[in-house]
Every structure is written in structure tokens, then in C-alpha cells.
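One letter stands for each residue in the lines below.
Protein chains: 2
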Amino acid sequence: MNKNIMITSNFWSRYRNLVRTEMIPYQWDVLNDIAKITIERERNDSSIPNEKSHAIENFKIAAGRSLGTHYGWTFQDSDVYKWLEAVAYSLREKMDPELEKKALEVIDLIAEAQEPDGYLDTFYSILGLEHRYKRLAGSHELYCMGHFIEAAVAYYEATGNEKVLTVAKKCADNVDENFGPEEGKILGYDGHEEIEIGLLRLYHVTSEERYLKLAKFFLMERGKHPDFFKEQAKVYEGPNALNGIEDMPDTYFQNHAPIKDQATAEGHAVRVVYMCTALADLAATTGDKGLLEICKRLWDNITTKRMFITGGIGSTVIGESFTLDYDLPNDTMYCETCAAIGLMFFAKQMLRIEHDAKYADVMERALYNCALAGMALDGKHFFYVNPLEVNPLKSKKDPTKSHVKPVRPAWLGCACCPPNLARMITSLDDYIYTVDGDTVYTNLYIASESTFDLADGNISIIQETDSPWDDNVRILVSNDSASEKAIAFRYPYWADGLSVTVNNSLIQPKTDDGYVYIDIAANSESNVELVFEVNIRKYHANTSVSEDIGKVAIGRGPFIYCLEEVDNGKQLAALSIPKDANFSYKWNGDILNGVGIIEANGARIDNNNADLYFVGEERCTSTKLKFIPYYAWANRGENEMLVWVREVTDRLNID
Amino acid sequence: MNKNIMITSNFWSRYRNLVRTEMIPYQWDVLNDIAKITIERERNDSSIPNEKSHAIENFKIAAGRSLGTHYGWTFQDSDVYKWLEAVAYSLREKMDPELEKKALEVIDLIAEAQEPDGYLDTFYSILGLEHRYKRLAGSHELYCMGHFIEAAVAYYEATGNEKVLTVAKKCADNVDENFGPEEGKILGYDGHEEIEIGLLRLYHVTSEERYLKLAKFFLMERGKHPDFFKEQAKVYEGPNALNGIEDMPDTYFQNHAPIKDQATAEGHAVRVVYMCTALADLAATTGDKGLLEICKRLWDNITTKRMFITGGIGSTVIGESFTLDYDLPNDTMYCETCAAIGLMFFAKQMLRIEHDAKYADVMERALYNCALAGMALDGKHFFYVNPLEVNPLKSKKDPTKSHVKPVRPAWLGCACCPPNLARMITSLDDYIYTVDGDTVYTNLYIASESTFDLADGNISIIQETDSPWDDNVRILVSNDSASEKAIAFRYPYWADGLSVTVNNSLIQPKTDDGYVYIDIAANSESNVELVFEVNIRKYHANTSVSEDIGKVAIGRGPFIYCLEEVDNGKQLAALSIPKDANFSYKWNGDILNGVGIIEANGARIDNNNADLYFVGEERCTSTKLKFIPYYAWANRGENEMLVWVREVTDRLNID
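Quick note, the sequences are listed as chains P and Y, same order.
Mapped onto numbering that gives the first Met the number 0, the consecutive letters of the first sequence carry residue numbers 0 to 654.
Mapped onto numbering that gives the first Met the number 0, the consecutive letters of the second sequence carry residue numbers 0 to 654.
Careful, some of the hints might be misleading.
It does not matter which identical chain is used: a pair holds within one copy or between any two.
Said to hold, decoys possible - Restricting the straight-line Cα-Cα distance to at most 25 Å, the calculated cross-link-like pairs of lysine to any residue (SDA-like) are:
| # | residue 1 | residue 2 |
| --- | --- | --- |
| 1 | K578 | T622 |
| 2 | K288 | R473 |
| 3 | K101 | D226 |
| 4 | K379 | D299 |
| 5 | K396 | I317 |
Calculated from the structure, these hints are not laboratory results.
Predicted model only: the values in this text are computed from it and were never measured.
Generate coordinates for the entire structure from the input sequences, incorporating the hints supplied.
As C-alpha cells, then:
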């Protein structure tokens with residue numbers, strides 16, 4: 000099935016242009032160490048390398064073009080690969096000869112850095128190939144190769160470049176020669192899942208069964224050898240590959256039990272969702288029901304018990320990890336940008352298997368909130384951690400919160416997030432629809448023009464909408480095929496009602512698992528108009544989330560909103576919303592590149608002149624609350640921010 | 000001035016007997032590695048030694064009586080010294096030949112472990128004397144010697160034992176020979192303040208000016224050489240003396256600025272209050288107004304901006320440190336038992352200088368809440384960290400809260416707190432009164448019988464009271480001296496009124512800085528009766544404490560109260576107190592060795608069956624709230640606990 004999707008949305012075109020014209024060139028300069036920026040450590044940890052990126056230079060050294068040694072993380076190579084993947088999607092959207100030239104240069108460089116047997120990893124090519132594959136807990140060799148394979152497949156698909164695919168296959172073949180259940184091969188896996196995703200993508204484009212088999216091997220073997228990393232570490236004599244990381248709990252690596260026995264999402268959040276993405280891809284590809292059940296179990300655990308309302312995941316900085324059900328602290332959490340993006344990956348794969356809107360709901364939640372908050376409106380500053388409550392003074396002076404940055408740095412010592420955003424945004428067209436047989440499922444409402452080549456002809460869909468701001472979507476569906484087709488529209492969780500008009504007639508369409516189905520006769524056109532009832536919503540959290548009890552989060556459409564100090568003054572925690580508050584919504588094109596603003600009457604406690612502890616009446620004043628969409632916070636200087644606001648019954652004792 | 004104070008209080012006699020009959024023998028067994036217990040690490044940190052104490056064995060090895068090597072922290076010796084100090088106070092209260100025998104054996108052992116030149120530290124005596132005094136950031140040599148000197152002075156004062164004082168003077172003389180501004184001496188100080196306290200105590204008992212001078216040198220030199228620890232570390236070649244600790248921020252060691260320029264309490268909380276204790280002693284001893292100003296500044300910063308309502312201090316586990324003004328997180332804080340005890344030390348010294356009840360108020364707050372919570376009612380289990388909000392599941396599964404234990408361990412890898420409690424409780428008689436000239440200040444209401452030898456005769460005071468539970472104190476003052484004397488009574492912050500009767504006549508006494516003054520004529524007796532108006536108090540916190548906004552803490556008398564799961568069910572955070580709640584107070588002699596229980600009507604939110612996030616009405620039910628005094632929590636099994644409870648205007652939507 001071929002498809003062609005062109006995003007026309009104002010909201011997303013700005014972002015995609017920004018990535019193409021600003022972010023990709025900017026990241027190129029960073030990877031080449033010519034950007035004039037300060038690289039910040041993502042938390043107080045003096046072991047984080049932050050002098051430079053050196054990522055391209057590492058390849059030049061490995062390729063023999065430069066002298067010198069490796070600098071940076073063991074996974075520094077992946078920054079280049081994710082950049083290349085973003086370039087691939089960007090070229091797919093719009094050819095740009097100058098950018099293509101850079102990409103081809105990088106592909107040549109990578110090919111030169113590849114060892115004759117296909118092995119590809121600058122860290123060990125520079126520091127000692129004899130130590131390769133011998134400390135997989137922290138070496139990230141397979142992780143990096145997985146990212147390269149993803150980039151190569153994307154580049155091949157976008158441009159038809161055979162060279163990059165050849166390098167990728169050679170690389171995958173090296174992995175295949177070294178890992179597996181066969182005698183003499185390594186019965187193990189990488190500390191950080193990713194190779195599995197890459198191998199499956201390579202399988203999809205090459206149809207070579209061995210890549211599918213190898214991906215399955217890595218997934219199914221995981222957790223069967225909890226001592227694997229420690230045993231490797233004991234005898235390792237090579238360069239420091241995050242030595243000591245093998246002492247992290249087994250859960251950190253999802254290595255505590257075979258995946259089939261994992262009932263909850265444990266450990267490093269990005270690793271979990273990367274693992275789940277590959278698992279769901281494997282389930283979708285093979286139709287294996289057992290695998291699907293594991294995917295569903297982990298999906299439910301994450302999204303119904305361990306996910307912040309912004310779609311962020313990872314409740315603690317220690318191990319960047321999940322902790323336990325309903326433990327969702329707003330000011331110490333991790334909510335890494337990459338983890339929200341990984342959750343989107345997972346959702347996208349689940350949508351291939353089950354046509355249930357809950358997957359798209361979460362995908363959209365993560366996209367418009369946690370993931371999008373990961374970059375500044377200028378496309379040149381990035382959050383690693385996406386908090387739901389920030390006091391800049393605490394970030395600076397409370398070491399427990401050193402990871403909670405109040406403004407986005409220009410680059411990070413661990414730079415996984417910025418290029419992950421670049422590749423996600425440039426490939427956003429891949430997330431809008433799922434096609435299954437004769438049905439096209441609409442997951443995201445994003446203005447776009449698309450054509451799908453189905454078995455017996457084309458179906459083309461034009462979405463016209465100002466979504467995510469607007470409440471209606473006009474869709475022109477043209478079925479140019481020889482049989483009836485169906486188009487399914489997601490009925491999102493944030494809509495309180497939906498009216499569907501087809502060719503100007505109001506209809507009551509069939510609805511199933513959150514999708515509204517409309518049949519489109521062969522060789523016909525239909526004008527579909529969806530009008531959602533979009534209200535400002537006050538979300539409560541389940542009582543088990545102790546941090547959110549007595550509080551509400553405000554949302555409208557796919558956006559979760561927040562209070563910022565610049566609009567509401569200091570001490571946001573002192574603000575409250577009355578239960579009977581009147582909310583109003585207004586578009587403001589003049590700030591933050593245009594956002595919908597929510598206002599409400601509220602109250603403010605002011606006992607600032609009191610003793611530290613006192614008995615007696617609290618002082619309270621009435622005030623106006625002004626909410627902006629969460630993704631747009633921290634674009635107007637350093638300030639406090641708050642998502643969950645106290646809700647009060649009334650405003651007693653207001654002066 | 001000699002004094003003789005015998006505590007007769009039921010409340011405190013139980014504790015003091017417990018320390019003498021259970022805690023001291025138990026700690027002896029632990030120090031000798033014969034107690035059958037599991038030593039727990041106080042947080043997830045594999046570098047914490049927890050196989051055994053080995054503290055006495057270290058001395059035996061240093062003394063040449065045993066073979067082997069040092070085990071434990073660089074400050075392991077101090078556990079023995081604090082035990083010995085507690086024994087001294089205990090013998091002062093009640094001679095016990097068997098206990099005295101153990102103490103004399105320990106003193107002999109310490110004397111044998113002392114080097115010929117007076118140096119005393121088993122770590123370097125065993126591992127290499129040539130490295131001594133060369134890595135003071137983490138070596139704790141002076142810290143340990145300071146503790147020994149404190150113990151020695153206490154033992155000498157209690158029993159007249161000259162040997163221990165001789166060992167202490169020899170030890171102090173060694174420090175004096177090695178440190179100071181003179182050519183050839185070390186211009187530096189210990190990473191952990193304590194020697195200063197010891198030297199001042201030695202000065203008080205010996206009147207040898209050089210000890211006063213040396214204490215002053217250490218205090219005044221501190222922070223003048225921020226690079227001192229790093230420079231020592233650079234060239235150090237000895238055994239691992241917490242190597243790497245010198246990379247902590249300068250504030251950790253109070254080494255960021257000379258003390259005179261320190262406006263706020265920064266870094267490791269115990270170190271800060273130990274430093275302040277010595278500084279206040281020096282100010283009281285010398286009458287130096289400049290020093291007093293520094294003490295007052297730091298006191299005010301700690302107690303009006305950085306102290307939890309329980310008297311706990313230290314807002315973060317990272318560096319066990321202060322963070323910033325009003326940063327008082329209830330579930331991730333540190334609130335080390337030792338820090339609360341240190342705050343009492345500081346208060347006691349301040350009371351020598353200024354007759355202001357605020358010092359005694361804080362001393363009492365720390366005593367009856369954070370410090371007392373540090374031990375179980377059985378005297379054999381101890382908290383290092385004293386949280387204000389605990390969910391046992393989070394302590395176990397959220398690594399950010401691994402330091403927040405839900406039940407008291409039998410012993411801790413870092414065992415500073417248990418023996419600190421022992422010495423504080425056994426010396427509690429020293430905290431009740433301050434004598435200044437002809438006035439005796441009553442700081443704590445503790446039933447006791449006391450005699451003070453003043454210049455021209457005795458004054459004796461009998462306190463009869465069931466305080467801390469009761470609201471009245473009957474005092475018989477007998478002035479057997481030749482001149483008029485005054486007795487001053489603290490008017491505590493928790494009393495809403497006070498009536499004073501002298502010899503059955505109600506009087507309106509002079510009140511100044513929180514003390515009520517009553518003159519007692521020469522050679523006369525007076526019957527004073529104080530009746531406090533003691534109400535159940537709902538405390539609010541200053542708005543700057545974001546964690547406590549919209550919440551109240553319940554207190555009565557010196558006690559802060561808390562909710563426990565055993566009385567109130569799970570999900571304590573879901574409970575709330577209506578603004579108009581009715582509170583009742585009742586003594587219950589049957590639980591927790593007898594406590595006053597507070598009950599109130601309350602409400603409970605129950606959205607447990609809801610989605611993780613939902614729109615709509617919250618479910619709420621009415622319930623009874625049952626509060627117990629904070630110090631007594633965690634004595635009925637592992638469970639949730641909460642101090643700050645949400646306050647709501649009413650109980651709308653109650654089923």
C-alpha cells in the first residue's frame with residue numbers, strides 16, 4: 000500500500016517548516032561542533048559530557064579521516080542517526096538539494112566508519128574493536144545500530160538511496176552473525192532496546208525473514224538472563240562503557256523477567272516504550288495473539304496507572320524510571336521528551352492491530368502536550384524533562400530538582416531528545432491515518448491532503464480544519480476504487496458530543512471502540528463534516544494519585560493547560576479555582592505564535608506576612624486566572640508553571 | 000554554679016528508664032556486634048557499610064588487642080563516644096556499678112587506642128598514621144575527637160573520673176599542636192563540625208584558654224579557604240576517607256564563606272546546627288556581640304524559614320541538606336533525628352545569651368516531635384529520617400523516597416542517630432532550666448525536683464505536672480538564699496492563655512520576651528500554679544511553603560499530631576478537615592504507652608473506581624478522623640502517615 004500525505008495544517012506546517020529550516024540545520028551545526036551554544040547537563044551529575052557534541056568528529060576519526068579519540072556518551076552516534084532520519088522525512092515532504100547533499104555526505108561518512116564485517120559503532124572502532132559486544136549493559140552498540148537502521152530505512156524509503164540500505168543490511172547482518180540462540184553466538188541483548196525496532200523496519204522494507212527472526216530473538220530472550228549484564232561486566236577489560244550501570248536494578252533494563260511475564264511497566268521509561276513498540280510491531284506483523292496480550296497489558300498499565308495527564312511517563316529521575324501505580328509526582332517526575340515520543344511509537348503500532356480510539360487518544364495526548372513541550376517555539380531550545388509544576392528557585396537550589404529545568408537549554412549533555420523531536424515532527428504524516436483493508440482510520444485531525452493506493456484503486460482524503468484549535472473538520476473523501484470503502488473517524492475523549500454530516504445530511508453513524516464509521520460507495524465522493532462539542536474541561540485524577548487530590552487540571556481539545564507566572568504572578572500554588580468558576584476561551588494570535596487562552600475567576604491565598612506556622616484565619620483575595628496550553632510554557636522567560644490547580648468549594652474570606 | 004535536677008515526670012521517666020535499661024545495653028551489644036539484628040542502609044546506596052557495627056572491634060585493633068582491619072565509616076568511633084556520653088549522664092542520674100564497669104573498660108580501651116602523641120582515631124591508627132589530618136573533608140578525625148572530648152567531659156563531670164579527662168586533654172592538645180594559624184600548623188578544619196563543641200566543653204571544665212582559642216580558630220577560619228578540602232584531596236594517598244566528598248558543593252561543609260558572612264543556613268543540616276551550637280557557646284562564653292549577631296541571623300533563618308512544623312530540618316536527601324527558604328517538602332525531606340537534636344543544642348546555647356522564649360519554644364518543638372519520633376516506643380528501633388508524609392509503597396518502589404522508611408530499623412548503616420538520642424534523653428535535665436545571675440528560667444515543663452547553688456545560697460524548685468499532657472503546673476519554689484531571686488516561666492507558643500497563682504492569689508506577673516517573671520523573697524517559699532489554656536490548634540503555614548497551601552496541621556500543647564493508616568484507613572491524602580470541624584481530645588492510656596487522642600469529623604474523597612483522569616463530580620463520604628501525636632507514629636506496624644491535611648470549606652457532595 001502506497002500513500003502520499005501532505006500536511007497543510009497551519010499549526011503543524013509552522014512546526015515542520017521550523018524543523019526543516021531551523022532545527023535540522025541547527026542540529027547539524029551542533030553535531031559538527033560549530034554552533035555557538037552552551038551545552039547544559041540535564042541534571043547535577045558531573046559525569047555527563049557537556050563540552051561539545053563531537054558526534055560527527057567521532058565518525059571522522061572512526062573513518063580514518065581525522066585523528067583523535069572518541070568523545071561523549073557511548074550512544075553519541077545515535078544523535079547523528081536520528082538527525083539523518085529526520086532529514087529523510089523532511090526530504091520526503093520537500094526535496095532540498097542542499098540538505099540532501101549533507102545527508103549523502105553523512106551516509107558516505109557512516110559507510111566509511113563501518114568496519115569491513117558490517118559492525119558499526121564509533122566508540123569501539125576508535126577505542127578497541129576487540130572489546131565490542133562485551134559490555135552490553137551500557138555500550139549501546141545495538142541501540143546505535145538500531146537507530147542507524149531506522150534512519151537508513153527512512154532514507155531509502157524517502158529517496159530510493161540504495162547505498163544507505165546496503166550499509167544497514169551489512170550492519171544488521173553483523174548483528175545477526177553475533178547474536179542468537181545458535182552455538183557460538185551471544186545469548187544476550189542490549190541494555191537499551193532499539194535494535195528490535197530497527198530490525199523490524201528493515202524486515203518491512205526488505206522482507207528478509209532473518210531480520211524478523213532476530214528482532215523476535217532479542218525480544219523473547221530479554222529477561223531470561225538477569226545476570227547477563229553483570230557477568231559480561233565482570234570480565235570486561237575495554238573502555239568505560241557506562242561501567243557500573245549493570246548494578247542498576249534488573250528492572251532498569253526490563254531484564255527482571257521474560258517479557259511475557261512482565262505485567263507492569265518497570266524501569267527506564269524510554270526503554271520500556273521502545274521495547275513495547277517493537278513488541279507491538281512484531282505482534283502486528285506476525286498476528287501472534289500471545290504477543291498482543293503482553294502489549295495490551297503493558298499498554299493498560301502505562302496509560303491507566305502510570306501516565307501523567309500530559310502524556311508524560313517516568314515518575315523519577317533515578318533511573319529515569321517508572322516507579323509504581325499512581326505514583327505521579329508533579330514536581331520531581333521525569334517525563335522525558337523521548338519517553339512521550341516513544342509512547343506515540345507504541346500507540347502507532349497498537350493502532351495497526353486494534354482499531355480502538357484509546358490508542359490514538361493517548362498518542363494525541365502525548366503529542367500535543369509532553370512531546371511538543373520538549374521544544375521551544377523557536378525550535379532551538381529543548382527540554383529533556385517535562386514537569387507539571389515548576390518553581391525556578393527550587394530547580395536551582397534544591398538538588399532533588401536539579402533535573403527540572405525552568406527554561407529549555409540550547410542543547411543537552413545527553414542529546415537524545417532534540418533529534419527525536421525532529422524525526423517525530425517530520426514524520427507526523429505517518430501518524431494521522433491507519434489503513435486496514437478497505438477502511439481508512441483517521442487518528443489525528445490535522446489538515447492534510449492524502450492519497451492511498453488500495454488494492455482496487457485510490458482513495459483520497461482532504462482534511463480541512465483549524466484543529467487543534469477548532470471544533471470542526473470538513474473532509475472530502477474521494478473513493479476512486481471499484482468497491483465500497485469505509486472511513487473511520489476517531490471520536491476523541493475530549494469531545495462532549497459529535498454531529499456528523501455527510502453531503503449536508505445529518506447522520507447517526509455506527510460507532511465502535513471510539514471510531515465513527517462512514518461508508519463511501521465505489522467511485523463516489525463524499526463531503527463529511529464533523530462538528531465536535533468542545534468544552535473547557537476540568538479533569539480530576541483518580542484518588543490513588545495522592546499528589547492531585549483536591550486539584551483539577553484544565554484542558555480543551557487535545558491540549559492540557561497550565562498557569563504561568565508571567566500571566567498569574569508568583570506563588571502559583573497559592574491560586575485556586577472555585578467549583579463554580581466561570582471559564583472563558585479566547586483565541587489570541589498575538590502571543591506564543593497564536594494560542595487559545597482560557598480564563599477563569601479564582602482565588603489566591605496570601606499569608607505571606609504570617610509566621611512560618613500560625614493559627615487563625617487565612618487571607619484570601621479574588622483574582623483572574625489565565626491558562627495557556629502546556630506545550631507553550633517557558634517561552635516567555637524563566638518563571639513558575641503549574642498544571643494541577645487546587646479546587647475550592649467557594650471563596651470564603653476574600654477581602 | 001552547681002545544680003542538681005531529678006526528673007520525676009511520668010512521661011520522661013519512662014523514656015529515661017528505657018534508655019538506661021534497654022537502649023544503652025542494646026547499643027552496647029550492637030557496638031560489640033553481638034546483637035542479633037539486621038542493620039539497614041538508611042537509603043539505597045550500596046556504599047553504606049551495613050554488615051556490622053565493628054565500632055568496639057576497631058578500637059581493639061587500634062589498641063593492639065585484636066588483629067584485623069578497620070570496618071565501617073570514617074566516623075565509626077563516634078558511635079562509641081556518644082554511647083559513653085549517654086552512659087555518663089545515665090550514671091549521673093542513677094549510679095549503676097555494672098554499667099560503670101563497662102564504661103571504665105571502654106575508657107581503658109580508648110586510652111590504649113590513643114597514640115602516644117595524643118592522636119585518637121582508629122581509622123588512621125589502623126590504616127596508616129602517616130595519612131592522618133590529610134583529607135579532612137571526609138576523614139571525620141576532628142569530628143570523632145570532638146565527640147570523645149564531649150563524652151570525656153560528661154563522664155568526668157558525672158563521676159569525677161580523671162583518667163578520661165586526661166585522655167581528652169591529651170587528644171585536644173594533639174589537635175592544638177597540629178592546627179592553628181601558626182607556621183607549620185594546618186590552616187584548616189574538619190568537614191563536619193563537632194571538635195568546636197568538644198573544645199568549648201573542655202574549656203568550661205578545665206578553664207584552659209588554649210581550648211577556647213582553638214575552638215574559635217576552627218570557627219573563624221571556616222569558609223576562608225573554600226579550596227582547602229579539594230587541595231588536600233589532590234595530594235592524598237591514604238585509605239579511602241569518603242574520597243570524592245570534597246566534590247560536594249562548598250555549602251555542604253559550610254565552607255562557602257566565612258561564618259560571619261553566612262546569612263542563611265546552607266548545606267548539611269546537622270553540620271550547620273553543630274557549627275551554630277559551638278558559635279553560640281563561644282558567643283555566650285566570650286560575650287562577643289558580633290558572634291551573637293551571626294547566631295541570631297542563622298537561628299532566624301532556620302526557625303522562621305527552613306524548619307518543618309515538627310522541628311525537623313534538612314529539606315533534601317542529597318547532601319542531607321538545607322535547600323532554600325520555605326522549601327519544606329513533606330514526603331522527600333530529610334529531617335534527620337540528629338539535626339533536630341542539634342537544633343536543641345543550638346537553642347540551649349542561645350538561651351544562655353538571650354532570655355527569649357522563642358529559643359525554648361523551638362527546643363521543645365524539636366524535642367517532642369522530630370527528635371522523639373527518632374526512636375520507637377521500645378527504645379530499640381530508630382529513624383534516621385523523619386518524614387511528614389509517608390506511603391510505604393512509595394518508600395519501597397520509588398527510589399526518590401528510598402530514604403523515607405515507613406518503620407524504624409533496628410540499627411542503621413550510618414548509626415549517628417540512635418546514640419545521639421541516648422545522650423540527649425539522658426541529659427534532658429540540662430535543658431529544663433537556664434540560670435542567669437539571680438534568675439532561674441524555666442524552659443521546659445517537666446516534673447522534677449531541682450536545687451541550684453547560687454552565690455548566696457540555694458534555690459530549690461519542685462515542678463509537679465503531668466505536662467506534656469496536662470494544662471497546669473504546680474511549682475514549689477524555695478529560696479534559701481540571702482537575697483531576692485526571680486523565677487521566670489516560659490509562656491509557650493501553644494498556650495492561648497495563662498493564669499498565674501502565687502500562694503493562692505491570682506497575679507498579673509511581668510512578662511518579657513515570652514517569660515513570666517515572679518520574684519521570690521529571700522528565705523521564703525512560694526507555691527506557684529500555672530494554668531495554661533491549651534486548645535487543639537489548627538496550624539496553617541506561610542503561603543511561601545507551597546507544599547502546605549490549603550492544608551492544616553493539628554497540634555495540642557507541644558505536640559504536633561498526625562493521621563495514621565491504622566486509625567484512618569488507606570489513602571490518607573484523600574482525607575480532609577472541614578473549616579468548621581469539631582475537634583475533641585481524649586486521653587487514652589491503653590495505646591502507645593498512653594497518648595492524648597484528637598478526633599474530628601472529616602471527609603474522604605473516593606474516586607478510586609474512576610479513570611486515571613476524568614471529568615465530573617467527585618465522590619465524597621463523611622468520616623471520622625483520628626489523630627495521634629506525631630512522635631508515636633509507626634509503632635503499630637508499617638502504614639501510611641500524614642501530618643498536613645487538606646482543609647475544605649464544607650463537605651459538599653457527601654453521599
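Open item on the list: Regarding K288 and R473, is the shortest C-alpha distance of 25 Å or less found within a copy, between copies, in both, or in neither?
Closed with: For K288 and R473, neither the intra-copy (37 Å) nor the inter-copy (79 Å) Cα distance is at most 25 Å.
Open item on the list: As a check of your reading, is K101 near D226 (CA-CA no more than 25 Å) within one copy, between copies, both or neither?
Closed with: neither (43 Å within a copy, 48 Å between copies)
Open item on the list: I want to check one pair: K578 and T622. Are their C-alpha atoms no more than 25 Å apart within a copy, between two copies, both, or neither?
Closed with: Result: close both inside a copy and across copies, 15 Å intra and 22 Å inter.
Task: Homo-oligomer pair classification [D299, K379; C-alpha up to 25 Å] - done: neither (34 Å within a copy, 44 Å between copies)
TODO: At 25 Å max between alpha carbons, let me know whether K396 reaches I317 within a copy, between copies, both or neither.
DONE: Both: 18 Å inside a chain and 11 Å across chains, each within 25 Å.
The structure is inconsistent with the numbered hints 2, 3 and 4, although it conforms to all the rest.
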